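Asker: Here the structure of chain A is known, so what remains is to put chain B in place on it, guided by the hints.
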Amino acid sequence: MKIVACIKYSFDVSEVKVDPATKELRLTGVPQRVGVIDKNVLETAVTLKEATGATVHGLTLAPAGAREAFREAMAMGLDDLTIIDSADLAAAGPAVTAMILATAVQKLGDVTLVVCGEASDDGVSYQIPPRIAERLGWPLLGYARNITLTGETITADRDLDSGMQRVEGNLPLVLTVTQETNTPRRPTLMDALKAKKKPVAVWQVAADLGLTPEQLQARASVTRTAQEGIVIKRKQQMFQGEDMAALANQLLDALVVERVVTE
Amino acid sequence: MEKFDAIVVGAGPAGATAAYLLAQAGMQVVVIERGATPGSKNVSGALLFSQIYNELFPNFWESAPVERAIVGHSIAFLGQETSVTLDYRDLDPTHTPHNAYSVLRACFDPWMAQQAEDAGAMLLPGYTVERLLVENGRVTGIHAGGDDLLADVVVVAEGTRSQLLKQAGLRDDFYAGDVSIGVKEVIALPEEIITNRFQCLTADEGVAYTCVGHTGGVEGGGFLYTNKETLSVGVVVKIDALYKSQRQPHEILDEFKSHPFINRLVHGGKVVEYSAQAIHRGGVHLIPQLYGDGYVVVGSAARLLLNNVMTLRGMDVAVASAAAAAKAILAAREKGDYSRASLAAYEQFFKQTDVYQDMVTFKETYALLENKRLFNVYPDLISGVMDDMFSVKARPGKKAYRALRDNMHDELTLWQMLKDMAQIGRGLVR
Numbered sequence: 007m008k009i010v011a012c013i014k015y016s017f018d019v020s021e022v023k024v025d026p027a028t029k030e031l032r033l034t035g036v037p038q039r040v041g042v043i044d045k046n047v048l049e050t051a052v053t054l055k056e057a058t059g060a061t062v063h064g065l066t067l068a069p070a071g072a073r074e075a076f077r078e079a080m081a082m083g084l085d086d087l088t089i090i091d092s093a094d095l096a097a098a099g100p101a102v103t104a105m106i107l108a109t110a111v112q113k114l115g116d117v118t119l120v121v122c123g124e125a126s127d128d129g130v131s132y133q134i135p136p137r138i139a140e141r142l143g144w145p146l147l148g149y150a151r152n153i154t155l156t157g158e159t160i161t162a163d164r165d166l167d168s169g170m171q172r173v174e175g176n177l178p179l180v181l182t183v184t185q186e187t188n189t190p191r192r193p194t195l196m197d198a199l200k201a202k203k204k205p206v207a208v209w210q211v212a213a214d215l216g217l218t219p220e221q222l223q224a225r226a227s228v229t230r231t232a233q234e235g236i237v238i239k240r241k242q243q244m245f246q247g248e249d250m251a252a253l254a255n256q257l258l259d260a261l262v263v264e265r266v267v268t269e
Numbered sequence: 254m255e256k257f258d259a260i261v262v263g264a265g266p267a268g269a270t271a272a273y274l275l276a277q278a279g280m281q282v283v284v285i286e287r288g289a290t291p292g293s294k295n296v297s298g299a300l301l302f303s304q305i306y307n308e309l310f311p312n313f314w315e316s317a318p319v320e321r322a323i324v325g326h327s328i329a330f331l332g333q334e335t336s337v338t339l340d341y342r343d344l345d346p347t348h349t350p351h352n353a354y355s356v357l358r359a360c361f362d363p364w365m366a367q368q369a370e371d372a373g374a375m376l377l378p379g380y381t382v383e384r385l386l387v388e389n390g391r392v393t394g395i396h397a398g399g400d401d402l403l404a405d406v407v408v409v410a411e412g413t414r415s416q417l418l419k420q421a422g423l424r425d426d427f428y429a430g431d432v433s434i435g436v437k438e439v440i441a442l443p444e445e446i447i448t449n450r451f452q453c454l455t456a457d458e459g460v461a462y463t464c465v466g467h468t469g470g471v472e473g474g475g476f477l478y479t480n481k482e483t484l485s486v487g488v489v490v491k492i493d494a495l496y497k498s499q500r501q502p503h504e505i506l507d508e509f510k511s512h513p514f515i516n517r518l519v520h521g522g523k524v525v526e527y528s529a530q531a532i533h534r535g536g537v538h539l540i541p542q543l544y545g546d547g548y549v550v551v552g553s554a555a556r557l558l559l560n561n562v563m564t565l566r567g568m569d570v571a572v573a574s575a576a577a578a579a580k581a582i583l584a585a586r587e588k589g590d591y592s593r594a595s596l597a598a599y600e601q602f603f604k605q606t607d608v609y610q611d612m613v614t615f616k617e618t619y620a621l622l623e624n625k626r627l628f629n630v631y632p633d634l635i636s637g638v639m640d641d642m643f644s645v646k647a648r649p650g651k652k653a654y655r656a657l658r659d660n661m662h663d664e665l666t667l668w669q670m671l672k673d674m675a676q677i678g679r680g681l682v683r
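Line by line, the protein sequences give chains A and B. Each step along the first sequence adds one to the number in my numbering, with nothing skipped, and position 112 is 118. Each step along the second sequence adds one to the number in my numbering, with nothing skipped, and position 148 is 401.
Okay, chain A solo, but in the shape it has when bound (with noise of 0.2 Å):
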């Protein structure tokens, strides 16, 4: 049984400051690595195959000069990964990335499980899943935890706003995690020698995937939206004096005619 782990070279996006005149996200000289949710993908995947002798392999949609930052994901228990050069793929928007990663779990074949976080750190349109899902032709599993996989059936709670449902699906099928998910494990160095011995490939979008730049231009239908900043003015009031009961009541009647706090 094969397993694929997306997995996503993100920006840090803690590193990522706003433009006070423009409002615009300032992302020349943010650090990329592989992202945060992207280790509960790992960490899922990785259990599924401890636990069912399965075979895990990375997936990602990365510049090729990025492999360097893959080494922990490889470390945490990846059998190999397979890095789609991004370099001539300037913003694709989540279409066209769905588009590629479908077409890449198909070439590597037999693969009967895809396991994706519900949203990438930097992108978060959450689309990837439900796009790559569709393009399969598999149910999508959402938001999933607690997951036992009994030969061909996966069995999991979804973690939804109003509580938790117990689902049950057949392989093969997409899955999605959270950070809640569960904790990822820390490779330890011997984990990071043998990644070191783990084949990467580098496939091309077209070479390797049959995929011409008109067919990813017929996906990539939106091309621009409007990205506009938002800005929250505080009211910056302040109570003064001595008596701190009477502040307290200021306070609580500033508070009141906000609607912070109700009578």
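A portion of the hints provided could be inaccurate.
Keeping only pairs whose Cα atoms sit at most 20 Å apart, straight-line, the calculated EDC-like set for lysine to aspartate or glutamate is [to be verified]:
id : chain 1 : residue 1 : chain 2 : residue 2
1  : A       : 203       : B       : 258
2  : A       : 202       : B       : 641
3  : A       : 202       : B       : 526
4  : A       : 203       : B       : 445
5  : A       : 23        : B       : 493
6  : A       : 55        : A       : 116
7  : A       : 204       : B       : 371
8  : B       : 256       : A       : 197
9  : A       : 200       : B       : 255
10 : A       : 200       : B       : 641
11 : B       : 497       : B       : 507
12 : A       : 204       : B       : 255
13 : B       : 523       : A       : 25
14 : A       : 203       : A       : 74
15 : A       : 202       : B       : 445
16 : A       : 200       : B       : 526
17 : A       : 8         : A       : 86
18 : A       : 202       : B       : 258
19 : B       : 523       : A       : 128
20 : A       : 202       : B       : 400
21 : A       : 203       : B       : 526
22 : A       : 200       : B       : 445
23 : B       : 625       : B       : 641
24 : A       : 203       : B       : 255
25 : A       : 200       : B       : 401
26 : A       : 202       : A       : 116
27 : A       : 203       : A       : 85
28 : A       : 200       : A       : 74
29 : B       : 523       : B       : 445
Chain B is faced by these chain A residues, among others (derived, beta-carbon under 8 Å) [stated by the list, open to error]:
id : residue
30 : 78
31 : 185
32 : 191
33 : 195
34 : 196
35 : 198
36 : 199
Keep in mind that the hints were calculated from the coordinates and are not lab data. Everything numeric in this text was worked out from a predicted model, so none of it was measured. Cβ atoms here follow ideal geometry from the backbone N, Cα and C, with glycine treated the same way.
Answerer: This is chain B only, laid out in the frame that chain A set:
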């Protein structure tokens, strides 16, 4: 259990050099680095003196990520509101390699580590070596990331705050008075402004300043180096003197930066990075035991630094020591003997290096760096003399000696000054 020929702890200049040379000679080498990438944990000036790098990596400046070639070195004495500067410039652009290059360690260290990897060393970043494995006084490997790893020889290259050998009972604690603290800011300025402000012809040229005085009365000095689009500005002060002064390191740096001379150089820049780092004071008398059964210690982990007031050299000393250690390890491999006696060759090789000779040459400089007057009396005195010599005032002018005596006020006696001059002479002149 996995066993390697050599384990290198730390992927700084010393560790990368050792790994590079050992791997190149066909040894199985693993380098363990605690930072997520080499250089990410590093704080350094960072001025790289070319000589030894060029021997190891010929024409390194063509492929390595260097910032600017240092074509000028200046020493500035900072008085209260005055400065006296001595500038040296080598203006021959064909004179490569230049004496030094400014580098940013977050870019330069990965390049060095890459050379080691390309030579076949295995780099494992993101792991801290927790302890050495010791059997009957012999270092047999390391423990990191939950695993033991064995090797014939361990190269300890973990930098200034190296604790592994002490922890293993293989060396004594270092005396705190022999440690300085360096604080540094990286200040961003447009490339063109830096080029113009420092009178450079192109963005590939830069200068380095060593400053004496205006460090809050604490023994130490300041530095300012030009990078491509940033300046590295910092102070290095004695840690015990700083403690006594009850001042914070960043206050000393702020005071240094507020001096009109420095302020003019950094003016309009934006601080993009602040960092602090303990630095060994360096000196030939501070060199500890460099080897033992199954291990060698190189670079700052062995307190190998050179400070002669004019320059503070760490990286090239680190590289020189690592090269000497690698040579000894390769000789030990020939004999199949990694004992203390066999690795003693490292010390012999190191003592033959120019770097070590420089350390011997400037051995008297250490005492000079302890002399408080160098930092809080002489900068003003020199400035006062210059003022008297240059200025036209509503009183009769003076010749130099008269100006000197008048400017000594009550802070300095002639006898004291003569003694200091003798000390400076011993340290720097002959």
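Asker: The structure should be examined with respect to each hint, and the outcome stated for every one.
Answerer: Now for the hints, and whether the structure bears them out:
With a C-alpha separation of about 18 Å, the suggested pairing of residue 203/A with residue 258/B holds against the 20 Å cut-off. At roughly 68 Å between alpha-carbon atoms, residue 202/A and residue 641/B are farther apart than 20 Å, so this suggested pair is violated. Between the alpha carbons of residue 202/A and residue 526/B the distance comes to roughly 33 Å, so the proposed pair goes past 20 Å and is violated. For the proposed pair residue 203/A and residue 445/B, the alpha carbon gap of about 46 Å is over 20 Å, so the pair is violated.
Taken as a hint, the residue 23/A and residue 493/B pair is broken in the structure, with Cα atoms around 39 Å apart against an allowance of 20 Å. The hinted pair formed by residue 55/A and residue 116/A meets the criterion: a straight-line CA distance of about 15 Å does not exceed 20 Å. At most 20 Å may separate the alpha-carbon atoms for a hinted pair to count; residue 204/A and residue 371/B meet this at roughly 17 Å. A hinted pair counts as satisfied when its Cα atoms are at most 20 Å apart, and residue 256/B with residue 197/A qualifies at roughly 15 Å.
Among the hinted pairs, residue 200/A with residue 255/B is consistent with the structure: their alpha-carbon atoms are about 11 Å apart, no more than 20 Å. Of the supplied pair hints, the one linking residue 200/A and residue 641/B is violated, its CA atoms being roughly 72 Å apart against a limit of 20 Å. The straight-line distance between the Cα atoms of residue 497/B and residue 507/B is roughly 18 Å, inside the 20 Å bound, and the hint therefore holds. Using a Cα cut-off of 20 Å, the hinted pair residue 204/A and residue 255/B holds, with the two alpha carbons roughly 17 Å apart.
With a CA separation close to 15 Å, the supplied pair residue 523/B and residue 25/A stays within the 20 Å bound. Restraint check for residue 203/A and residue 74/A: satisfied, since their Cα atoms lie roughly 13 Å apart, inside the 20 Å limit. Between residue 202/A and residue 445/B, the direct Cα distance comes to roughly 43 Å. Violation of the 20 Å bound is thereby established for this hinted pair. A C-alpha spacing of about 36 Å is found between residue 200/A and residue 526/B, which places the hinted pair above 20 Å, so the restraint is violated.
Simply put, residue 8/A and residue 86/A have alpha-carbon atoms about 11 Å apart, close enough for the 20 Å limit, and the pair holds. Only pairs whose Cα atoms come within 20 Å are accepted, and residue 202/A paired with residue 258/B is accepted, the gap being roughly 17 Å. For the given pair, residue 523/B sits about 27 Å from residue 128/A by alpha-carbon distance, which is inconsistent with the 20 Å threshold. Our distance criterion of 20 Å between C-alpha atoms is met by residue 202/A and residue 400/B, whose separation comes to about 16 Å.
With a C-alpha separation of about 37 Å, the suggested pairing of residue 203/A with residue 526/B is violated against the 20 Å cut-off. Among the hinted pairs, residue 200/A with residue 445/B is inconsistent with the structure: their alpha-carbon atoms are about 47 Å apart, more than 20 Å. As the CA atoms of residue 625/B and residue 641/B are separated by approximately 24 Å, the hinted pair breaks the 20 Å bound. For the proposed pair residue 203/A and residue 255/B, the alpha carbon gap of about 14 Å is at most 20 Å, so the pair holds.
The straight-line distance between the Cα atoms of residue 200/A and residue 401/B is roughly 14 Å, inside the 20 Å bound, and the hint therefore holds. A hinted pair counts as satisfied when its Cα atoms are at most 20 Å apart, and residue 202/A with residue 116/A does not qualify at roughly 26 Å. Taken as a hint, the residue 203/A and residue 85/A pair is honoured in the structure, with Cα atoms around 10 Å apart against an allowance of 20 Å. Proposed proximity of residue 200/A and residue 74/A is supported: the alpha carbons are some 14 Å apart, at most 20 Å.
For the proposed pair residue 523/B and residue 445/B, the alpha carbon gap of about 15 Å is at most 20 Å, so the pair holds. The criterion of a C-beta within 8 Å of any C-beta in chain B is met by residue 78/A, whose closest approach is roughly 7 Å, and the hint holds. Checking residue 185/A against chain B by beta carbon gives a least distance of about 20 Å; that is not within 8 Å, so the hint is violated. At a threshold of 8 Å, the smallest CB-CB gap from residue 191/A to chain B is about 11 Å, leaving the interface hint violated.
Hint status for residue 195/A relative to chain B: holds, with the closest Cβ pair at about 4 Å, below 8 Å. For residue 196/A, the interface hint holds, the least distance from its beta-carbon to any beta-carbon of chain B being 5 Å, beneath 8 Å. Checking residue 198/A against chain B: minimum C-beta separation of about 5 Å stays under 8 Å; hint holds. For residue 199/A, the interface hint holds, the least distance from its beta-carbon to any beta-carbon of chain B being 6 Å, beneath 8 Å.
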